[in-house]
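Residue numbers (the UniProt record's numbering), protein chains in the order written: chain R, 1 to 401; chain C, 1 to 401.
Please keep in mind that the hints were generated in silico from the structure rather than gathered at the bench.
Just to be clear, a hint being listed does not mean it is correct.
Same chains, same names: a pair is fine if it fits in one copy or spans any two.
Said to hold, decoys possible - Distance condition first, Cα-Cα at most 20 Å in a straight line; then the derived DMTMM-like pairs of lysine to aspartate or glutamate:
no.: 1; residue 1: K251; residue 2: D297
no.: 2; residue 1: K101; residue 2: D176
no.: 3; residue 1: K182; residue 2: E218
no.: 4; residue 1: K251; residue 2: D275
no.: 5; residue 1: K251; residue 2: D261
no.: 6; residue 1: K220; residue 2: E178
no.: 7; residue 1: K295; residue 2: D275
The structure displayed is predicted, hence computed values, not measured ones.
Protein chains: 2
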Amino acid sequence: MAESGEVLIVSAPGKIILHGEHSVVYGKTALAASIGLRTRVRLRSSSNGATRLHLASLDISREWPLKNLSHAIPNMHGRQNPAPPQPDLILVLRQLSESDKGDIENSALLVFLFLYTHICSASGLPALDVHIESELPPSAGLGSSAAYCTSLAAALLTATHNISHNLSNSRWQQKDLELINKWAFQAEILIHGNPSGIDNTVSTFGGALSYQSGHISELKSIPPLSVLLTNTNIPRSTSTLVSAVKGNVNKFPDIYKPLLDSMGAIAVEGKRVMDALADRMLPEVSVACNTLESKDDLFCIWETLIDVNQQLLMAIGVGHPCLEQICRVTRKHGLHSKLTGAGGGGCCFTVVPPGVGANVVSAVRTELVQCGFVCWETDLGGPGVCVHAPDPAELHLAEEK
Amino acid sequence: MAESGEVLIVSAPGKIILHGEHSVVYGKTALAASIGLRTRVRLRSSSNGATRLHLASLDISREWPLKNLSHAIPNMHGRQNPAPPQPDLILVLRQLSESDKGDIENSALLVFLFLYTHICSASGLPALDVHIESELPPSAGLGSSAAYCTSLAAALLTATHNISHNLSNSRWQQKDLELINKWAFQAEILIHGNPSGIDNTVSTFGGALSYQSGHISELKSIPPLSVLLTNTNIPRSTSTLVSAVKGNVNKFPDIYKPLLDSMGAIAVEGKRVMDALADRMLPEVSVACNTLESKDDLFCIWETLIDVNQQLLMAIGVGHPCLEQICRVTRKHGLHSKLTGAGGGGCCFTVVPPGVGANVVSAVRTELVQCGFVCWETDLGGPGVCVHAPDPAELHLAEEK
Chain R
1 MAESGEVLIV
11 SAPGKIILHG
21 EHSVVYGKTA
31 LAASIGLRTR
41 VRLRSSSNGA
51 TRLHLASLDI
61 SREWPLKNLS
71 HAIPNMHGRQ
81 NPAPPQPDLI
91 LVLRQLSESD
101 KGDIENSALL
111 VFLFLYTHIC
121 SASGLPALDV
131 HIESELPPSA
141 GLGSSAAYCT
151 SLAAALLTAT
161 HNISHNLSNS
171 RWQQKDLELI
181 NKWAFQAEIL
191 IHGNPSGIDN
201 TVSTFGGALS
211 YQSGHISELK
221 SIPPLSVLLT
231 NTNIPRSTST
241 LVSAVKGNVN
251 KFPDIYKPLL
261 DSMGAIAVEG
271 KRVMDALADR
281 MLPEVSVACN
291 TLESKDDLFC
301 IWETLIDVNQ
311 QLLMAIGVGH
321 PCLEQICRVT
331 RKHGLHSKLT
341 GAGGGGCCFT
351 VVPPGVGANV
361 VSAVRTELVQ
371 CGFVCWETDL
381 GGPGVCVHAP
391 DPAELHLAEE
401 K
Chain C
1 MAESGEVLIV
11 SAPGKIILHG
21 EHSVVYGKTA
31 LAASIGLRTR
41 VRLRSSSNGA
51 TRLHLASLDI
61 SREWPLKNLS
71 HAIPNMHGRQ
81 NPAPPQPDLI
91 LVLRQLSESD
101 KGDIENSALL
111 VFLFLYTHIC
121 SASGLPALDV
131 HIESELPPSA
141 GLGSSAAYCT
151 SLAAALLTAT
161 HNISHNLSNS
171 RWQQKDLELI
181 NKWAFQAEIL
191 IHGNPSGIDN
201 TVSTFGGALS
211 YQSGHISELK
221 SIPPLSVLLT
231 NTNIPRSTST
241 LVSAVKGNVN
251 KFPDIYKPLL
261 DSMGAIAVEG
271 KRVMDALADR
281 MLPEVSVACN
291 TLESKDDLFC
301 IWETLIDVNQ
311 QLLMAIGVGH
321 PCLEQICRVT
331 RKHGLHSKLT
341 GAGGGGCCFT
351 VVPPGVGANV
361 VSAVRTELVQ
371 CGFVCWETDL
381 GGPGVCVHAP
391 DPAELHLAEE
401 K
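Full structure from sequences and hints, please.
Written out as structure tokens, the structure reads:
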């Protein structure tokens with residue numbers, strides 16, 4: 001367990017799907033990258049015989065006296081190889097986590113109790129004080145639940161010495177990251193039923209990855225790509241949208257299946273462009289690459305892929321007038337946008353190529369905010385889960401919030 | 001030759017491509033139907049030793065003394081089986097038709113001289129007075145050139161007794177229509193180089209047809225379908241757009257070829273829906289069809305096909321902000337729209353299902369006109385080329401214009 005009074009601060013990023021939402025369900029390649037918006041867990045041991053959780057973004061505080069949790073401790077010691085939680089135990093945890101708030105809040109409480117009881121129970125549950133806040137809007141396709149699961153799993157595994165305290169650049173070693181990722185995935189299953197694993201993997205390892213039929217492969221290096229993220233604030237259900245697309249594909253396979261093929265091909269080409277851009281943007285290879293596609297050529301292809309995929313997503317029925325509005329506003333300023341995630345609302349990202357001035361981005365952002373949307377400028381492919389404290393400066397900041 | 005002083009009035013319709021523009025170039029099925037906008041030819045013999053042509057819509061009048069045309073008469077008597085015009089003769093006709101106006105005007109004059117010299121030269125060229133006016137905007141994808149070629153070929157073939165004067169319901173017999181269509185196709189070749197033959201076939205036979213790889217098949221019956229046609233007035237070049245799509249397909253075949261496959265499947269399904277709708281809308285079969293897809297179901301599919309194809313056309317790069325604007329305006333009123341023809345501007349059609357009130361169509365139309373567009377309400381699948389006069393009422397009308 002962490003020393004009494006010592007504060008551990010861990011954060012993990014959200015993600016965007018660059019290409020392949022929906023088509024990934026049909027075995028096609030998807031491409032995802034981490035974003036700069038993160039979820040932060042502040043954890044310290046407590047001495048009052050209870051574990052307290054404060055979810056700042058959801059405005060929830062809960063306290064569980066440890067004696068009330070004794071029947072919720074799993075009969076397992078598999079912290080190094082997490083298995084799916086047992087159904088009867090999940091029922092117990094569900095009762096303990098129930099609130100009069102919505103589904104998101106209940107899921108967050110359930111996941112906390114699941115990770116807490118399963119990771120921390122080796123020698124009796126410790127009393128903890130856990131504060132979690134997130135820059136990621138929930139249910140917007142930005143991987144907020146994965147960032148929550150990943151940062152919480154990492155904090156609990158670190159506090160209980162299941163993973164190393166010897167970090168390099170605030171990052172764990174590969175095997176420790178893999179363990180964090182496995183726990184985060186089990187927690188994601190609790191929330192989503194049958195997640196692909198993309199979200200927790202990006203949140204754990206950062207950078208960008210491609211995914212196909214259960215196989216995840218990280219991109220070796222990713223170019224410095226900036227995006228403007230816009231949230232339509234239109235709520236939507238991923239499972240309803242996935243079902244609607246499935247209905248279309250089943251009813252008119254000759255019309256819709258080719259579109260999924262095309263989306264898969266877009267993701268594959270997108271990966272090639274990202275790899276090539278990463279090469280071009282390393283100064284030492286820029287001369288050797290003069291005979292190849294230029295950086296501008298590659299960005300032009302990248303933008304075309306964004307446009308085509310956006311149209312195809314609308315064609316399969318997951319567009320929304322607000323998403324079209326964002327595309328229209330950004331196009332007026334020469335920028336290209338695409339929905340990310342399930343569509344039907346949710347978020348859109350706009351590519352900001354290196355040459356685009358801050359005044360352009362600022363003008364676009366102002367116009368989008370005037371439309372009633374929420375925007376964030378962020379870089380893609382930043383670090384995955386990492387530790388911020390022990391570090392007095394960070395600690396101070398975190399406590400001020 | 002027609003009796004001196006007798007007036008012959010012939011008209012032929014334009015068309016819209018319902019589905020399959022662009023994908024038809026790659027061997028996929030296309031679906032086209034005639035529209036209510038027509039081109040009208042008024043022809044009478046003249047006695048002043050010259051042939052006069054007045055193209056009212058293009059504001060052109062030209063007169064050729066017959067003696068100046070003697071070297072332009074082809075050395076052929078193949079009026080019943082028209083062959084491509086000889087290149088040297090085309091050069092002569094081009095010199096005779098040259099004007100200081102634009103390409104459209106020069107093409108119209110060339111086609112007139114071609115059809116006139118080739119159809120009417122059996123026993124020396126007759127002096128004619130020909131007045132042509134059209135409701136069809138040129139270069140908008142509505143088949144204006146085919147309606148011009150078809151109506152002119154029919155008028156000249158009738159005036160010269162190459163086809164029958166014994167008409168039923170103002171329509172020629174099948175073999176006469178086939179001859180008109182062949183001449184119109186030769187004239188279309190002069191204008192477009194390598195036309196598919198869809199436009200002249202729809203203009204000749206009316207109704208609706210499907211086309212694939214040179215094979216044209218008429219739909220047996222077509223349902224009463226109404227559309228609102230909107231012209232963006234954005235000029236575009238079909239050949240430039242076709243080349244741009246070809247460039248995309250060649251560069252990224254895995255991305256674009258599936259979209260063409262999907263467009264072909266949409267046209268096939270569209271044909272099935274039109275056939276089924278035609279069945280449902282015959283009163284005598286409506287009871288027997290109760291267990292099948294309802295008329296409403298079929299219209300719902302029809303509208304989905306319109307939406308998906310519009311998105312795919314935008315995905316292959318032939319959209320335009322004005323076309324998107326039309327789709328947006330009509331969707332606000334619950335109506336579905338799609339570009340027709342080459343895209344990149346040109347025309348859009350909006351499906352008007354039977355249950356939609358005149359007030360809705362009127363509101364949409366008003367809003368589109370306020371955007372600066374031109375609209376026409378028309379039915380699809382009306383009659384092909386037909387004769388209006390000898391008929392004093394019609395003649396009177398035509399002269400008033």
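Hint check:
no. : hint           : result
1   : K251 with D297 : between (39 Å within a copy, 13 Å between copies)
2   : K101 with D176 : neither (34 Å within a copy, 77 Å between copies)
3   : K182 with E218 : within (16 Å within a copy, 61 Å between copies)
4   : K251 with D275 : between (37 Å within a copy, 18 Å between copies)
5   : K251 with D261 : both (17 Å within a copy, 16 Å between copies)
6   : K220 with E178 : within (17 Å within a copy, 65 Å between copies)
7   : K295 with D275 : within (11 Å within a copy, 51 Å between copies)
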